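Asker: Fit chains B, C and D with the ligands to the given chain A structure using the hints.
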Amino acid sequence: MPVSTVFETKIERVSILDEHGNFDSQLGEGLIPNDDAVAMYKHILVCRRFDEIAFKLQRSGRMGTYPENRGQEVPSLGAAYVLQKKDWMVTCYRENAGLFWRGLPMEKILLHWMGDERGNHIDECNVTPIAIAIGSQMLHATGLAWAGKYRKDGSIACTFFGDGATSEGDFHEAANFAANLDIPVVFVCQNNGWAISTPSKIECSAPTIAQRGLAYGMDCVQVDGNDLFAMVKVMKDATANARENNRPTFIEATTYRLGDHTTADDARRYRDTDELAMWEKRDPTIRLRNYLEQKDLWSSAKEEEQLAFAADLVSAVVANAEEIDAPTTNDIFDSMYIGLSSELQKQRQTLRTSSIGQDPSQIAQTAKEGVVK
Amino acid sequence: MPVSTVFETKIERVSILDEHGNFDSQLGEGLIPNDDAVAMYKHILVCRRFDEIAFKLQRSGRMGTYPENRGQEVPSLGAAYVLQKKDWMVTCYRENAGLFWRGLPMEKILLHWMGDERGNHIDECNVTPIAIAIGSQMLHATGLAWAGKYRKDGSIACTFFGDGATSEGDFHEAANFAANLDIPVVFVCQNNGWAISTPSKIECSAPTIAQRGLAYGMDCVQVDGNDLFAMVKVMKDATANARENNRPTFIEATTYRLGDHTTADDARRYRDTDELAMWEKRDPTIRLRNYLEQKDLWSSAKEEEQLAFAADLVSAVVANAEEIDAPTTNDIFDSMYIGLSSELQKQRQTLRTSSIGQDPSQIAQTAKEGVVK
Amino acid sequence: MANLTLVQSITLALIQEMEKDERIILLGEDIGLNGGVFRATEGLFQRFGGERVVDAPLAESGIMGTAIGLAMAGLRPIPEIQFEGFMGPAFDQLTNQAARFNSRTRGGLTCPLTLRVPVGGGIHAPELHSDSPEAIYTHTPGLKIVMPSSPYDAKGLLISAIRDPNPVIFFEPKRIYRAFREEVPEDEYTIPIGEARTVCEGEELTMVSWGASVVQCANAIQESGKNIELIDLRTINPIDMDTIASSVQKTGRCVIVHEAPKTCGLGAEIATGIMEHCFLNLEAPVQRVCGFDTIMPYYKLELDYLPDVERIGKAINETLAY
Amino acid sequence: MANLTLVQSITLALIQEMEKDERIILLGEDIGLNGGVFRATEGLFQRFGGERVVDAPLAESGIMGTAIGLAMAGLRPIPEIQFEGFMGPAFDQLTNQAARFNSRTRGGLTCPLTLRVPVGGGIHAPELHSDSPEAIYTHTPGLKIVMPSSPYDAKGLLISAIRDPNPVIFFEPKRIYRAFREEVPEDEYTIPIGEARTVCEGEELTMVSWGASVVQCANAIQESGKNIELIDLRTINPIDMDTIASSVQKTGRCVIVHEAPKTCGLGAEIATGIMEHCFLNLEAPVQRVCGFDTIMPYYKLELDYLPDVERIGKAINETLAY
Ligand SMILES: Cc1ncc(C[n+]2csc(CCOP(=O)(O)OP(=O)(O)O)c2C)c(N)n1
Ligand SMILES: Cc1ncc(C[n+]2csc(CCOP(=O)(O)OP(=O)(O)O)c2C)c(N)n1
Ligand SMILES: [Mg+2]
Ligand SMILES: [Mg+2]
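These protein sequence lines map, in sequence, to chains A, B, C and D.
Going by the numbering used here, the first residue of the first sequence is number 1, and it counts up by one from there.
Going by the numbering used here, the first residue of the second sequence is number 374, and it counts up by one from there.
Going by the numbering used here, the first residue of the third sequence is number 747, and it counts up by one from there.
Going by the numbering used here, the first residue of the fourth sequence is number 1069, and it counts up by one from there.
Just so you know, not all the hints are guaranteed correct.
As the list claims (entries may be wrong) - Label-pair restraints from in silico Cβ distances: (1) C:Y935 x B:R524: 26 to 36 Å; (2) B:R524 x A:D123: 49 to 59 Å; (3) D:G1118 x A:D153: 16 to 26 Å.
What the hints assert, rightly or not - Partial chain C-side listing against chain B, Cβ under 10 Å, derived: (4) G853; (5) T856; (6) P911.
None of these hints come from the bench; they were simulated from the model.
Remember, predicted model here, so these are calculated numbers, not experimental data.
Quick reminder that beta carbons are idealized off the backbone N, C-alpha and C, glycines included.
For reference, chain A alone in the conformation it holds in the complex (with noise of 0.2 Å):
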């Protein structure tokens, strides 16, 4: 046979509750208690005004540069619905839907954003902080997952990162040591149409990221991101795949970001205004609402409570971040090593560089008084 087949592959997409409110029974019913549904959907109000105040606070000079959530809220909360406390959940900085379903502390991101580390210092659920360095965690969760199958401590981890990252190095790399040596991550990549004003076809052309799973072997599915009950199907196989055979999966979420890049960018610069309408009408929370009051869980009544028991909280989250004592020059220092120098001392000590001042001995020296070699 000159010419054969050695593989051959179909990549799936998953869609349980469309944008027209069309929701499949079949994969969906009894994929999300009520109580569950209900919850979730209260919590992206939560995101939603924290977006819109974080958004605000940068624009009033209260906090610096600030990436807006808005519309994709869905990915990130699906999986940490259904990931388990002791996993490992690896993000970028547009999961706070996910992050603050998990436990995180929602002053901890606006520090974070208003420049201060201590954002970053999370003890209350296992999470990495914040990553800036576009395509630099996937590495981290393929390790920390390594560590639970190592530990046989039944954890996994599961990443989170955009269609831009897609395109670094060090996504292939993760992904590969994740297929090669049997690593249970589940790699999400929320394709959301752009890497700041970059389209995704310059980031990956193929018809579909998920397909770039296939580079390793690795299971890989296309799903509906602004569908919250197509999200838990495929992250509740790919954290079973994990689980039980310690295999990776990819997940492309197909979603979009409603607001710029970030409180520096003006999208407008580079975006349809049609695109944007179009995707208004996906808005995850339309279709959630719209399902939630088709089965009588949700009415406006409640809505409306939900939307003041929202502003409240963030107020009160805002008043955390911005009541913290500024931090201290030791600061800087203090975490830079388990273990200061002696160097390291005497430049918190000092707060000098300076060449004099390392001796304190010769500053008192001077050549006009008559140093002698």
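Answerer: Using the frame of chain A, we list chains B, C and D with the ligands on its own:
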């Protein structure tokens, strides 16, 4: 539709002249004119001799580390046969057969492994020097091909690398740039089963390495890398795809290194003798010689004649390489920059980096002679 | 003449060189329609088209490595890395490939490219947006490194960098991208790579700095009221030791100011160079006012980290009193 | 006690620590069945199994980045990079991630890992197998760096590095992997990170070096017949300036010897440190005998590049005569 198929594909393997002597005339007939087939067979015999002698040069202390090419001649040779003069060939270190076919003087390769940069100064043809840093060269190929596209001069690039190299992030970035920016490169992975002692399953656990290319939406194909006809066939398709459509192709050529990784390696530490024995039967020279003999294009007499020719040729090459004047210390400096800084000129002149040598006017003065500040 | 900011002056230099030389091609993240996150390539996509102003995938090694290929093929690529903190993924291609091609091929293949990178702190940016890695690349033979501190120098140095046949890193001190304006000639001019600029002359002490810190130094000198000679390095590799040494031979004292951490920073090299060239002239140890040996902190504390007028002033006083 | 080479001493330290501490896991290219290309992990795969001695894919960033994850999870990974020339692809994970985690999380997440890397020239190896990048990582706050020059120190320093709660680079001078043997105690012992070793005492001049160059220095001192104090840094970051300064305060003269290029090398930092601490004691400028500001040449010329007894001898004489 809750679950829909969003991508479907398969990967084919091309084989024309297999190790049992089967020749697929539908694909193979007229692919390589008889004269060319004979010339390439003769060329491989020269390369084999070169390899043998290079190995001995190392063993007798006349050369540094050398990576044997034996067994892997076909992929680079088949590619070089198809490429045009204006194209770039961007290789690693097991592509002597293709490089020599392309016109690279054989002594250049010896000089390189003799620890002499002059072996990398290549005016004869568009090839880059041996790439020691695994994975580093593919991006250069993408850049070189990009330049051809930008200039519209019809040139493309073809780059070679091993199975191990596909684990490096730079491979991913090179392929991704090529696919997304429509750059005419051909990626040829020589999958020889091993990366030093690491089996290719640790480098890529997917069923094929060819499917690496699916991640980029690239055409990809697997080919019997010990089959000159199949290699020429897939290269013709890939170069046409590049030249006509500016599209990259990923070719996995399955082959085997019959020797150790390099002269510094001992493959018996990690490799089954059975495996080696199996691949010795698949040696590309055996099937090619049989093919030519069946067509009455070759004979034992010709074989002997060519072996003698090869021996003489390689002796002359070795003599050339060994007779070259030793490099001078100045060479370290002269091509550091185009235009030497005054500091480097000083270092070149004095062969000193030391402080006092920096300012000769101060050497004379000594503290003992009574220096006053 | 136009009254331009530093970033405008860079845009002007790019436009003028691109109009003259078809071999120039720009590649980087978001440099196209968006004009770059600092707007340094504003309008270039519209003017020169997508073939010459290329939005690259989000992959710094890819940007650097393909630029090497473009350069070896005879083009004059100008890759951009969005922030110096993201040079990490490009490190291998930059230091082990771009910097070495000419040497390892004994002149057979060259890498005439100019890597543009915004550098330094002080703009209230997130993590990894405020570093000063110039010493690392100065320790890498094969690269030239340039960092202007004024709009005028920016244009002249960028043109020199683009025309230089070697790989050049053009660091852009982002803190002063828009801090002030200066008259910048419309006509082309070059500033030679390798020549420092004496910003002001003085007799009592030499101060050496580069990039955004030059502004801090000038302020500190003014406040001190002392007679200080300020040297703006402009080129970081090769260092213009002649200019520095002549000055210190005259003044006998020197303070070096930079943002990067102290240990193994460029300050050490310059101080040692001064010891080598001016040992018998030195009246006081050379002082380094620079970043601490710590990670650049997030922005709440960044001004504690960066050398400021107060710290520089102290160093002036102590060095003069020595 | 056993009479061991440096590389054997490393293997011994790894075995002993792995037996004690289940959290240790080794990862790197060809470190398993093959025992590493220098055989530093010989027999470990057989002894500890494939779960603890892991052949990694050929991807240095992957090795470094997954090691960070392993460390943050509470394990004690010991990644290996096969040659220092291949640290390039790992640079970003090493300097921007491993080095920063403790600081950026204000102690929330730590990176207790030991990165083993063979370093330096002199073994007739191909390109990128002979470099000395220690200054680059010394300029990177957050890392500790160690480089032994003897079998005895190798074991004690490696154990300290493994037990250190910070990320440590353990550079192994490959030129002296098997150059000589030394008695190495079977029992465990540690050598504190941050303490230099005075190899021999002397009054006329201080010589500072590290790694394989220490051997060259010792030979040069013997040949010179002078009364020279030789300090082996052992730890490169943090530098033990106290030991160096005390010595130079006594001798008034200093020669620093290293393989890396001169400009912005560690020699500059040490020379500047000496000027800072011993300005009034210095009788001659500190000299640097080191690599030229060029790429390390291929092996035909490598001995021209590396500091040797002759060049060191010249520096001794000139410094003493000054
Ligand atoms: C290594 C690196 N390169 C560049 C940047 C600058 N940058 C910040 S966000 C971003 C785009 C990220 O796109 P994507 O991964 O799709 O995530 P998204 O912002 O769309 O969620 C870029 C280029 C960075 N932070 N890190
Ligand atoms: C970046 C880098 N890492 C590690 C090495 C050491 N090394 C040299 S060859 C090799 C294996 C290469 O395997 P592969 O790519 O399959 O090519 P092959 O030797 O099998 O032809 C390794 C690990 C290197 N040269 N470069
Ligand atoms: Mg995106
Ligand atoms: Mg291989």
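Asker: Work down the list of hints and note, for each, if the structure agrees.
Answerer: Going through the hints against the structure:
no., hint, verdict
1, C:Y935 x B:R524: 26 to 36 Å, "30 Å, holds"
2, B:R524 x A:D123: 49 to 59 Å, "58 Å, holds"
3, D:G1118 x A:D153: 16 to 26 Å, "19 Å, holds"
4, G853, "4 Å, holds"
5, T856, "7 Å, holds"
6, P911, "4 Å, holds"
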